[in-house]
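Listed below are the residues making up each chain.
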Amino acid sequence: MIKTINLSKTFQDKKRGEIRAVDNVNLECQPGKIFGLLGLNGAGKTTLMRLLSTVLKPTSGTAKINGFDILSEPEKVRSNIGFLSSDTALYPRLTAQETVTYFARLNGLDEDLIQKRTDELFRIFNMESFRDRRVDKLSSGMKQKVSLARTIIHNPKILILDEPTLGLDVITSRNIIQFIRKAKEEDKCVLFSTHIMYEAEKLCDEIAVIHQGKILAVGTLEKLRDTVKLKNLDEIFVKLVGEEHEF
Amino acid sequence: MNSKKVKIIYLKEMKDMLRDRRTLVSMILIPILLFPVLMFGMSSLMIKMTKQAAKRVNPIVVIGGDNAPALFSQLKVDKSFEIVQENDYQTALKDKKITAALEFSTDFEEKIDTGDSAQVKIYYDAAEIRSEMASGKLDNIFKAFQDSVVTERLKVKKVDRSLLHPVEVQKENLAPKEKMGGFFLAMFLPYMIMIMALTGAMYPAIDLTAGEKERGTMETLLVSPASRGEITSGKFLTVFTASLITSIVSTGSMVITAGSSFTRFEEMGKGAVFSVNPLSILILFLLMIPYCCLASSILLSLSLFAKSYKEAQSYLSPLLIVIILPAMVSFLPGFELSAKLAFIPVINTSLVLKEVLLGTYHWGFIGLIFLSTAFYATIAVFITRRLFEKEQVLFRT
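Sequences listed follow chains H and F, in order.
At position 175 of the first sequence the residue is numbered 175 (our numbering), and the sequence of numbers has no breaks.
At position 234 of the second sequence the residue is numbered 481 (our numbering), and the sequence of numbers has no breaks.
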């Protein structure tokens with residue numbers, strides 16, 4: 001599971017001064033649940049997820065991932081998560097197979113297990129036909145499949161997915177949604193960020209609305225509806241972040 | 248740090264690098280082709296030009312040729328001169344119609360006969376190579392003529408020629424022929440190899456840092472369980488390998504080219520025989536190791552700071568100049584290695600490589616330069632490692 005404790009991150013900007021990208025965030029995501037992080041562009045979703053993946057260090061506070069502290073055990077944290085975002089691209093000159101094998105090795109899997117896992121994943125994602133094709137020769141849908149295989153090759157208990165459907169066509173987006181559902185069935189803890197309301201509505205067991213680095217509300221969709229007294233998630237969201245963002 | 252993970256990263260980066268055409272061109276193709284093209288091209292061109300210049304017929308104007316009939320007829324039959332008629336020799340020289348003009352004094356023959364000093368003037372244009380060369384040739388003709396006149400006069404007076412040469416100077420070049428051959432190499436090789444080691448590693452360094460940022464693969468790697476130290480080490484070793492491969496290929500290409508252009512050297516270098524002591528090559532590679540380390544980590548640090556390929560290139564171009572200038576000391580005559588210079592990076596390696604290629608092994612200096620460069624390289628590697636840990640560098644916006 002994921003548990004953040006007063007997690008904060010500030011950046012110094014020459015023009016704007018101090019920016020509190022993540023401001024005192026306390027969240028808890030359970031195994032077998034999909035936790036949605038809903039926010040506008042620049043709300044702090046990516047920074048929060050980068051903190052959890054230990055790529056960035058928090059200014060204050062901390063988080064535990066599967067019991068490991070992001071500050072004191074970053075490598076253990078990284079081997080327990082599968083991280084996917086629009087910023088995690090693939091090496092264009094490696095083949096699909098080489099890509100997945102590379103990350104499997106970095107995760108410490110032995111060669112027999114790598115063989116078994118890659119065979120399994122290539123079958124599940126229907127990737128056999130382009131197994132030995134270089135990534136730069138693949139379509140965006142194929143690339144996304146390789147990325148997914150790369151993310152879960154080490155069978156992580158926790159998945160952190162930062163806007164995984166961003167810029168993808170309908171079919172590829174559907175594949176991702178299916179993938180997230182399947183992960184839930186496998187009792188994985190999924191933290192998933194998006195700014196697409198219906199995606200969150202369809203998928204998430206719990207939703208947190210993040211705005212200017214702060215968590216404005218958190219809970220099940222029903223709980224949010226009760227709190228704000230509105231039915232649709234987009235109306236709830238607008239109400240929470242404030243009318244000033246409406247045109 | 249887990250050496251197994253470093254190895255995984257290194258092997259992947261090497262595979263990736265060897266599939267990059269740009270890297271292959273700068274790491275292998277250019278070093279292989281550059282030297283043969285440069286050396287064969289330059290030496291052939293020089294020899295061809297010298298031969299052409301020697302064959303070339305020089306049009307000259309002779310004023311008062313009848314005053315020196317012997318010399319005049321000699322000039323007429325000389326194939327390198329063509330005697331032409333021009334009224335105004337100064338304008339003709341300026342218009343490059345002639346290469347020189349000669350003027351014999353009216354009493355030339357008379358003065359020679361009476362044992363006096365006769366006068367001949369050579370007009371030429373020192374700013375024109377052809378004119379300068381023609382005047383040199385004329386000089387030689389007059390010297391030979393003068394010599395024959397002196398011999399004749401001494402014979403008449405029954406004086407031995409040795410009276411004119413109380414001291415006979417004999418010069419003998421004791422430099423072994425290998426050294427003469429090595430001399431050419433010792434001048435060029437340190438300079439070239441040090442630049443090649445840098446340019447060969449440049450593309451891999453950019454590709455592995457700024458290139459990864461630009462393509463978005465850096466974050467994929469950062470979220471893997473590999474630590475920053477392991478990532479830095481794997482990438483550093485890859486760039487270092489590229490640098491070393493370029494050095495080896497460059498040296499090989501240069502030594503083979505120099506060896507095979509043997510006859511060319513013979514023509515250019517007064518009997519120089521080309522040969523390099525294997526020990527010199529061994530020491531050269533040994534000294535290139537810390538240098539390549541230093542170059543690789545500087546390249547990595549600078550390009551890691553950049554956000555894109557283009558930005559990295561603009562950082563690295565000035566670096567090339569910073570290296571080229573001190574590396575050029577191997578060209579400068581009289582620039583000798585000293586204890587102080589042994590501590591200045593690049594200059595020290597360039598100078599000691601020159602000495603080593605000439606067959607002089609100052610073991611103290613070799614050791615000192617190896618250690619001092621290794622020391623700088625360690626600092627540079629440490630800085631690279633620190634930069635990889637900085638969020639401001641990795642996620643610079």
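By construction, these hints were calculated from the structure, which means they are not laboratory data.
Hints are supplied without guarantee of correctness; some may be wrong.
[Stated by the list, open to error] Short derived list, chain H residues pointing at chain F, Cβ under 10 Å: (1) K57; (2) S79; (3) S86; (4) N107; (5) S147; (6) K214; (7) V218.
Cβ atoms here follow ideal geometry from the backbone N, Cα and C, with glycine treated the same way.
Results for each hint:
no.: 1; hint: K57; verdict: 7 Å, holds
no.: 2; hint: S79; verdict: 4 Å, holds
no.: 3; hint: S86; verdict: 8 Å, holds
no.: 4; hint: N107; verdict: 6 Å, holds
no.: 5; hint: S147; verdict: 8 Å, holds
no.: 6; hint: K214; verdict: 22 Å, violated
no.: 7; hint: V218; verdict: 25 Å, violated
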